[in-house]
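Protein sequences appear in the order of chains A and B. According to the numbering used here, the stretch in the first sequence is residues 1339 to 1661, in order. According to the numbering used here, the stretch in the second sequence is residues 20 to 526, in order.
Think of the hints as simulated: they come from the structure by calculation, not from any bench. From the three backbone atoms N, C-alpha and C, an ideal C-beta is built for every residue, glycine too. Misleading hints may appear alongside valid ones.
[Said to hold, decoys possible] Derived CB-CB ranges, DEER-like:
hint, chain 1, residue 1, chain 2, residue 2, range
1, A, C1413, B, I88, 35 to 41 Å
2, A, Y1503, B, E209, 24 to 30 Å
3, A, I1631, B, D287, 33 to 39 Å
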Amino acid sequence: MEFLSDIASLINSTLRISTPLVFAAMAGIFAERSGVIDFSLEGKMLMAAFVAAVGSYYLGNPWLGLLLAIIACVCLSMLHGFASVTHKGDQVVSCVAINILIIGLTTALAAAWFGQAGLTPTLNEDQRFLEIHLPFADALRDIPIIGTIYSDILSGHYVFVYLAYLSVPIVFWIVFKTSFGLRLRAVGENPSAVDTAGINVFSMRYKALAVNGVLIAFAGAHLSTAVNANFFREMSAGRGYLALAAMIFGKWHPKTALIACLLFGFTDALQIRLQGVELPAIGEIPVQLIQAIPYILTVVLLAGFVGKAIAPNAIGQPYIKER
Amino acid sequence: MVSPILELTNINKSFGHVHANKNINLTINKGTIHGIIGENGAGKSTLMSIVFGLYQANSGTIKINEKEIKLRSPRDSIINGIGMVHQHFMLVENFTVLENIILGFEGETVFGEKLEKAKKDLEKLCETYNFNIDLNATISDLSVGFRQRVEILKSLYRGAEILILDEPTGVLTPQEVDELFKILRSLKEEGKTIVLITHKLIEIMDLTSEVSVMRQGEMVGHTKTKNTNKEQLAEMMVGRSVLLRVDKKEIKKGEIIFKVNNLSVKDDLDVTRVKDVNLEICSGEILGIAGVTGNGQTELLEALSGIRKVESGNIELFGEKISDQDNFLNPRMLKEKGLAHVPEDRQRMGLISDFKACENLIFGYHDQEPFSKSSILNNKEIKEHSKKVMQEYDVRPSSPTLTTSNFSGGNQQKIILSRELNENPKVLLVGQPTRGVDIGAIEFIHQRLIDMRDRGAAILLASVELDEILSLSDRIVVMFDGKIVGEKENKNVTDRELGLLMAGVSE
């Protein structure tokens, strides 16, 4: 029984830990499928975490905090679009600029407003999202297997966890079953084809970036108003980059990107679990090594382990209409 | 009763300092095939891009069916019944035919009913015009000829009454060209209006009923095709009389100096692109390699010039083995042995376009006297040499310090040619010498190649322009799928015979 509950808690934490990665990867899919590189997932996630925490603290409602975070991230996406779509700047440079800006900005604003560099006040229960316990979770817990799955794995998550996994089929549906999705994929593959089909390439890319901003805001809000009760400095901790890696590993496809996010989430959950555990013959594994597992995995996977990832054809290239 | 379907009045368009279209007037009559001919850079494509709404004219008016309209985007043009098949196809390669055609005209937010209807409509259209296209095929799996049909089908589906084709035959085999012309004629029968942009005189004479000639951004003449001839059109295009046939002396064939034995070569993706090729070239002869783009000519030339590794087989120069799979001479060593190379892709391999003309003119010889001494460049000597060479090869403008990218395609090609020919090579490898080059310069370049041959050089000429192969070569081999599929003396061979070989139909 102990073994089963171990597994259940491992899966439970995998789902939770993967949540921001899933949102970020879905956000990345929108931007990159439209032909715009998005390294700024990291910065936007951090911004969203900050704005959500601050907004929720002042307005007393985490949903309003989330709304403000969405607005902030869409603005950052538009900034990225303005630099790299309208003015045809280098997309990577624009992203790096956003990332650096946000690290500094969040730290400085927190210091100015709350007197603590890079820290916002702790939110009370009304100001943050709480775990949702599914109906009859306690009553059903004792039923073997099904009870464990329902009560220990599916129940007791923050709203973002459910939304994240719900977003995957929705993103899939939009990208592959709607005319917007067709245009989105086309504009990342061959913008000239889209232009000659009478569709505005620039407005398509801005639309894609807007959706990107909305999705990434959820990832940030999850960090600062759900799993944590405040914002702290650089709390996104590379999740934006990890999500980008998962998206590439998933070949810019929602389903496979989800699997990659879960894999990263699982190794992270596993490393937390393995800390301090004595393994037979080896003894205790140094905690630094265990913590490095998700990152080592990223490097190994991206270094060609999964075969060639074929990026959208026009990615990274600003669209230049007239010669 | 002829009625104009498209009228352009005083169209002007500038890109920065370049005045691409100057006061263009053009009337196209309904139900005709109207040719627009002109050299590269004459402004034909720009003009048609304006008609298609891709560019906006700086001034001028456009009338369709005698009604003035504003074309702000391709959408406006498509709605007004204009379709365009671009020189570089506007297709998303990993989409299906169906997806490409409905793109932008899906008619519904979520795919369902309309998609099914579109499928039915398209199947009917395919049947009407005998297109034989599988709507569910992915574009990247289709041949160039089929991709072009998809483009035509796309325009028809979107309701095109005027179909503009920009240089449609550049990438096709002669047989595919025949098929295309058949389709265009049947479209004309249906009452559609066709505008054919080309720089090939023969296509104008074959297909069109009316022709307009452009030169340096201006419309220099309109005429009925039956009232003119190739020579007259060429003269209008270039602005002076042009020799369309190359004068060639009887061949004075010497001994074999360049020999390729069982050569196989792989490309960057590790795919074998040249398969067991054998060639012999004698001094004083031009060997032409005909073939559709992408059948191994590029890799063959690269291997012969020492840029690409030989997979198996070997290459001999003057009876000496210069390359096999174990060791090969690099381009510099080959150069010293008297081999010169004019690469296919002049922008990528032939020139450094950000360099000055004089720098490109000596590049590869820059460490030799008199251009440099103890590793220090002698700029005065380089400029004087360049000035001399540029005049000799009629490079315009003949200013050695001008950045190379500012020269036209033809003049850039002359820069490369003069650099390579100046050393009097024994063997010359030439790829696509006149791609994107205007008629006047073509004449000049062809004459230079003939001169080289008459002086006893062995020349290997790879070109996708069949006319060029036919007018220059003494002997012709055809490449298909990496293999030599036929060899002909250039006496009684016709382009039809070569076309069949190019398409992979064996004798």
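Here is how each hint holds up against the structure:
no. : hint                             : verdict
1   : C1413(A) <-> I88(B): 35 to 41 Å  : holds, 39 Å
2   : Y1503(A) <-> E209(B): 24 to 30 Å : violated, 53 Å
3   : I1631(A) <-> D287(B): 33 to 39 Å : holds, 35 Å
Going down the numbered hints, you'll see the structure goes against just number 2.
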